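Colleague: Chain by chain, the residues run as shown.
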Amino acid sequence: MNRAIRHTWLVSVAMFLTLLAALSLIQVAFASDLNNDSRNARQVIQDYGAPRGPITVDGTPIAESVESDPESPYEYQRVYHDAEVYSGITGFYSTFGGSASGIERAMDEYLTGRSDAQFFDRMTSLVTGETMEGAQVELTLDPELQHYAYDLLPDDMLGTIIVTDVTTGEVIVMASKPSYNTNLLATHDSEEFNENIGDLEDAENIDPYGFRAVNRPIPPGSTFKLIDTVAMLESGDYEPDTELENPNEIDLPQSENTLENFGLGNCHQRSEAEFTWIFAQSCNTPFATAAMEMGEDPILEVAERFRWNEPLAIPIHVTESRFPTGMADSELAYASIGQFDVTATPLQMNMTAAAIGNNGTMMRPQLVDTVRGSDLQILDAPEPEVLNEVMEPETAADITEMMVATTEEGTGWRADVSGYDVATKTGTAEIGDGSDMVNSWITGFAPADDPQYAVTVVYERTELSRGSQLSGEHFAAILQAVMAE
Amino acid sequence: MKQDDHPKPRRNVELALLLLALAVAIGAKVLVGITLEEEIDSRYWVAGGSLAALSLAFHLVLRLRAKYADPFILPIAVTLNGLGIAMIHRLDLTPAYAGVAPRQVLWTAVSMVAAMVLLWVLRDHRRLRAITYISLVVSVILLFLPMLPGIGREEFGARIWVQIGPLNFQPSEMAKITLAIFFAGFLANNRDLILLAGKKIGPMTFPRLQDLAPLFLAWLVALGVLIVQNDLGNALMFFGLFVAVIYVATSRFSWIAIGGVLVAAGAALAYGFVPHFRQRVEIWLNAFDQDIYDREIGGSHQLVQGMFGLANGGLTGTGLGSGSPHIVALANSDMIVAAFGEELGFIGLAAMLLLYLLLFSRYMRAGIGTRDSFGKLLATGFAVILVLQVFVVVGGITRVIPMSGLVSPFLAAGGSALLANWIIVALVLLISHAARRPIVVGPMVNTSGAGASGTEDPLRSRETGEQSPVDSTATTPAVTGGEHR
Numbered sequence: 000m001n002r003a004i005r006h007t008w009l010v011s012v013a014m015f016l017t018l019l020a021a022l023s024l025i026q027v028a029f030a031s032d033l034n035n036d037s038r039n040a041r042q043v044i045q046d047y048g049a050p051r052g053p054i055t056v057d058g059t060p061i062a063e064s065v066e067s068d069p070e071s072p073y074e075y076q077r078v079y080h081d082a083e084v085y086s087g088i089t090g091f092y093s094t095f096g097g098s099a100s101g102i103e104r105a106m107d108e109y110l111t112g113r114s115d116a117q118f119f120d121r122m123t124s125l126v127t128g129e130t131m132e133g134a135q136v137e138l139t140l141d142p143e144l145q146h147y148a149y150d151l152l153p154d155d156m157l158g159t160i161i162v163t164d165v166t167t168g169e170v171i172v173m174a175s176k177p178s179y180n181t182n183l184l185a186t187h188d189s190e191e192f193n194e195n196i197g198d199l200e201d202a203e204n205i206d207p208y209g210f211r212a213v214n215r216p217i218p219p220g221s222t223f224k225l226i227d228t229v230a231m232l233e234s235g236d237y238e239p240d241t242e243l244e245n246p247n248e249i250d251l252p253q254s255e256n257t258l259e260n261f262g263l264g265n266c267h268q269r270s271e272a273e274f275t276w277i278f279a280q281s282c283n284t285p286f287a288t289a290a291m292e293m294g295e296d297p298i299l300e301v302a303e304r305f306r307w308n309e310p311l312a313i314p315i316h317v318t319e320s321r322f323p324t325g326m327a328d329s330e331l332a333y334a335s336i337g338q339f340d341v342t343a344t345p346l347q348m349n350m351t352a353a354a355i356g357n358n359g360t361m362m363r364p365q366l367v368d369t370v371r372g373s374d375l376q377i378l379d380a381p382e383p384e385v386l387n388e389v390m391e392p393e394t395a396a397d398i399t400e401m402m403v404a405t406t407e408e409g410t411g412w413r414a415d416v417s418g419y420d421v422a423t424k425t426g427t428a429e430i431g432d433g434s435d436m437v438n439s440w441i442t443g444f445a446p447a448d449d450p451q452y453a454v455t456v457v458y459e460r461t462e463l464s465r466g467s468q469l470s471g472e473h474f475a476a477i478l479q480a481v482m483a484e
Numbered sequence: 000m001k002q003d004d005h006p007k008p009r010r011n012v013e014l015a016l017l018l019l020a021l022a023v024a025i026g027a028k029v030l031v032g033i034t035l036e037e038e039i040d041s042r043y044w045v046a047g048g049s050l051a052a053l054s055l056a057f058h059l060v061l062r063l064r065a066k067y068a069d070p071f072i073l074p075i076a077v078t079l080n081g082l083g084i085a086m087i088h089r090l091d092l093t094p095a096y097a098g099v100a101p102r103q104v105l106w107t108a109v110s111m112v113a114a115m116v117l118l119w120v121l122r123d124h125r126r127l128r129a130i131t132y133i134s135l136v137v138s139v140i141l142l143f144l145p146m147l148p149g150i151g152r153e154e155f156g157a158r159i160w161v162q163i164g165p166l167n168f169q170p171s172e173m174a175k176i177t178l179a180i181f182f183a184g185f186l187a188n189n190r191d192l193i194l195l196a197g198k199k200i201g202p203m204t205f206p207r208l209q210d211l212a213p214l215f216l217a218w219l220v221a222l223g224v225l226i227v228q229n230d231l232g233n234a235l236m237f238f239g240l241f242v243a244v245i246y247v248a249t250s251r252f253s254w255i256a257i258g259g260v261l262v263a264a265g266a267a268l269a270y271g272f273v274p275h276f277r278q279r280v281e282i283w284l285n286a287f288d289q290d291i292y293d294r295e296i297g298g299s300h301q302l303v304q305g306m307f308g309l310a311n312g313g314l315t316g317t318g319l320g321s322g323s324p325h326i327v328a329l330a331n332s333d334m335i336v337a338a339f340g341e342e343l344g345f346i347g348l349a350a351m352l353l354l355y356l357l358l359f360s361r362y363m364r365a366g367i368g369t370r371d372s373f374g375k376l377l378a379t380g381f382a383v384i385l386v387l388q389v390f391v392v393v394g395g396i397t398r399v400i401p402m403s404g405l406v407s408p409f410l411a412a413g414g415s416a417l418l419a420n421w422i423i424v425a426l427v428l429l430i431s432h433a434a435r436r437p438i439v440v441g442p443m444v445n446t447s448g449a450g451a452s453g454t455e456d457p458l459r460s461r462e463t464g465e466q467s468p469v470d471s472t473a474t475t476p477a478v479t480g481g482e483h484r
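Protein sequences, first through last, are from chains A and B. Numbering that gives the first Met the number 0 numbers the first residue of the first sequence as 0 and each following residue consecutively. Numbering that gives the first Met the number 0 numbers the first residue of the second sequence as 0 and each following residue consecutively.
So here's chain A without its partners, still in its complex pose (with noise of 0.2 Å):
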């Protein structure tokens, strides 16, 4: 019998060495798998279970983590302040499927502290016991101009502002309306967080998980004659001082379209005039004949330098704008006045022109000012990193000038400010829903001869007198609030 017994034995200890097996497939080889798996909600709880790192701009919390109420489930609560001027920035943190939008998510790693740079905290922490916080993400916004630039918005316009750095690419303010309070999204409880998420996706024009700024491509209008500026620039056949047809109206080819200058501006004082006047007045009818004679193909390769069709991380994700390709020549004369199906993010129409006060470098637009680890230490600060070399130095010295006769002398009169030189580009696109709602758009930067800040104001689906006159305005407005800086 004893024998037996100790057969039963072996039998019984090979039963426990799968046993074991079976747990060390599951906790060491398969454990990552597992735990990357999206229905394990214990990463989220672990998150929060340590403190995230704060979003600070200027030292000061926008989004931080503080102890939850005892009826939690999890021990830290994420709040965020001056929700509504910030939220497309930040996004939100939610504990129903993790950071989901903005900062919250694209520097999730560092702000959970499960970044590489913040390995050997982890380590410590694991060995003292103590709760590892997360890293510290600051921003490179002004939180002062992000304040003045988001009350400058009216809350009945769906309105963006942008300022960047033309040498570095920081962004300086990035706001929009209408906006959200991202505390809405942080609550620990489901069936609230269900009733907040519905009511926002409901709600017109509200979208937490995209940013007006930088989410939502639109028609640009006449802003992107900059690119067929550049295009015809670099063909050789046009100059400034170029003389060019200007009739009011044009018959396109293949088709029973036709295309005409805005009646209300200036262009039909002239049917004939140098380019530079021509671009200043923005007048269609001339980009759009030079846009047939050149073709798709130099213009779509100018789009695609200045970063179109093409999205971006800045590091929040950034639409790509759209430059559409195998267009009919009577196509192509509307996308060369940014009709069509072209688009363009706000962003894209600022970092255009921020491209061109740099001479003709752009800059990749960078919203993190630096990464601190919980003892301060300094685990990332992105450089100032060029994009991409867009166009000569000479090319951008001439559109300077074009865009600079544009404040003086055209359509961006509402943008000229006393003590130094602005250079701008309006445009104003139809929506092409059958409405009279344009999106009015105005961007530039200044000062012209040593130039600083790139401005873009949108206004979307707005009257066409009162968006053209308050986003001239504002980007009066807020240039001269950062020049004062």
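Please note: incorrect hints may appear among the correct ones.
Unchecked claim - With beta-carbon atoms standing in for the labels, derived distance ranges:
hint, chain 1, residue 1, chain 2, residue 2, range
1, B, Asp-288, A, Ala-13, 28 to 34 Å
2, B, Pro-274, A, Glu-190, 32 to 38 Å
3, B, Arg-277, A, Gly-325, 55 to 61 Å
4, A, Asp-432, B, Pro-274, 55 to 61 Å
5, A, Gln-479, B, Glu-36, 33 to 39 Å
6, A, Ser-23, B, Pro-274, 31 to 37 Å
7, B, Ala-263, A, Met-122, 32 to 38 Å
8, B, Arg-277, A, Ala-13, 44 to 50 Å
9, B, Ala-350, A, Met-122, 22 to 28 Å
10, A, Glu-108, B, Ala-263, 18 to 24 Å
Said to hold, decoys possible - The following residues of chain B were derived to be distant from chain A, with all beta-carbon distances above 10 Å:
hint, residue
11, Leu-19
12, Glu-38
13, Ala-113
14, Ala-129
15, Asn-188
16, Leu-195
17, Lys-198
18, Gln-278
19, Glu-281
20, Ile-367
Quick caveat, the hints were computed from the structure, so don't treat them as lab data. This one's a predicted model, so the numbers in the text were calculated from it and none came from an experiment. Each residue gets a CB set at the ideal place from its N, CA and C atoms; glycine is no exception.
Knowing the structure of chain A, use the given hints to seat chain B on it.
Modeller: Using the frame of chain A, we list chain B on its own:
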């Protein structure tokens, strides 16, 4: 025979290990309190003090009544029991559970006192042989008690509970003990008959058909339990117990082969006719399938979340109190192993499995050491019960086999299981005492042969089985040393 050959009681070894066990058990609970920032107040000291007092009382009972008993069994049982209480207490501090730990402490006290009383009163395990057939009757009553209308209760699809007033009881836990007694008694009585007869086919000797009858009976009972009560785990355990014990009784591999065939046939039948079982197999094979995961009832949510917990623990675990084991349904009973895996990691859980391994090894060692075949079969039976319980529970959680509701011995919340396991501890301690104490050998027995000290199975060297087992207590005393411990 020299005086030195006398076996030592080794109770001091037990005392030292017991103090270590108490340090681990009470320390674990205090650690939980510290991590979760609980006040370490009188509740901790009362619970810890009662465990210590009960353990030391048990130790004293052994000194008085069974001083040659195995010194490892009690410390291991106390360690596991104490760790279980610590984890149950830890889960009480989550929103999912409340007030379970004090109940578990109370049941521990009841169980240990019951075990001590049994030790004191019974004195010799062989007296249980007298109730072989009574045990069978009691087993059948216990197994079918939950079917009685009025007191039977169904929970989580399995009808294994009996409720009398406020008392919930799982009679199948007690049936484990009575069935083991019956199997051991029945086979100790009839093994000669079963051994002698049989047909040799190839290398294996197959038993006669009429000798197979009890095996079939056991198989039918197991299937009945499975089908009627939906209790897969216990069905597997009862049948596995019977096959193992009959194999040990006869040393014939053919029993294992026949048993294996019957298990396969039973599984096939169950798969065809028991929806509950089919569901379990489905979950087992496709646990990560989204459809199966999302099922409200009978889905794989519990299994998958348990695996997430294990993976979250990884190699070293999150530390007691720092994981999220409460996400898993039934975390303090059926799934308590997953909770340990999460917070103590692979290393901690593997150590606990090794404790189980050590425990069942000591059970079997007692079986090898004792002189009477009833004791051998009983000890092995109890060991197999332990092995199968752990294998079914941990194997289910780690997807080695389909999951079924058995509880981890000593760890899981639940009074009936705790009581049953402590009674088993008492019985095995008695058997080990019988195995190691200096024995008396009658003058009629050949003291120079293989069966000299009565330690070995006399049939081992005599496959013919002419000689019946030695009943060593029936004859005039003569002291001889036991060389086994």
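Colleague: Determine for every hint whether it applies to the structure shown.
Modeller: Status of each hint after checking the structure:
Between Asp-288/B and Ala-13/A the beta carbons are some 30 Å apart, a value that agrees with the proposed interval 28 to 34 Å. The beta-carbon spacing between Pro-274/B and Glu-190/A, approximately 34 Å, falls within the hinted interval of 32 to 38 Å. About 57 Å separates the C-beta atoms of Arg-277/B and Gly-325/A, a value consistent with the hinted range of 55 to 61 Å. One distance hint, 55 to 61 Å for the beta-carbon pair Asp-432/A and Pro-274/B, holds here, with the actual separation near 57 Å.
Remark: the range hint 33 to 39 Å for Gln-479/A to Glu-36/B is contradicted by a beta-carbon distance near 54 Å. At roughly 34 Å, the beta-carbon separation of Ser-23/A and Pro-274/B lies within the given 31 to 37 Å, and the hint holds. For Ala-263/B paired with Met-122/A, a C-beta distance near 50 Å fails the hint of 32 to 38 Å. For Arg-277/B paired with Ala-13/A, a C-beta distance near 28 Å fails the hint of 44 to 50 Å.
Distance hint for Ala-350/B and Met-122/A: a CB-CB separation of about 23 Å, consistent with the stated range 22 to 28 Å. Distance hint for Glu-108/A and Ala-263/B: a CB-CB separation of about 50 Å, inconsistent with the stated range 18 to 24 Å. Taking the minimum C-beta to C-beta distance to chain A, about 22 Å, the non-interface status of Leu-19/B holds against the 10 Å cut. With 10 Å as the threshold on Cβ separation, the claim that Glu-38/B sits away from chain A holds: the shortest Cβ distance comes to roughly 14 Å.
No Cβ of chain A approaches the Cβ of Ala-113/B within 10 Å, the least distance being about 27 Å, so the stated non-interface status holds. Chain A leaves Ala-129/B outside its interface by the beta-carbon criterion, the shortest separation being 21 Å against a cut-off of 10 Å. Taking the minimum C-beta to C-beta distance to chain A, about 14 Å, the non-interface status of Asn-188/B holds against the 10 Å cut. The claim that Leu-195/B is not at the interface with chain A holds, since no C-beta of that chain comes within 10 Å of its own (minimum 16 Å).
Lys-198/B, annotated as away from the interface, keeps every beta carbon of chain A farther than 10 Å; the closest lies near 20 Å. Listed as outside the interface, Gln-278/B is consistent with that label: its C-beta sits roughly 20 Å from the nearest C-beta of chain A, beyond the 10 Å cut-off. Residue-level check passed: Glu-281/B sits 18 Å from the nearest beta carbon of chain A, beyond 10 Å. At roughly 5 Å from the closest C-beta of chain A, the C-beta of Ile-367/B falls inside 10 Å, breaking its exclusion from the interface.
Going through the hint list in order, the structure does not satisfy hints 5, 7, 8, 10 and 20.
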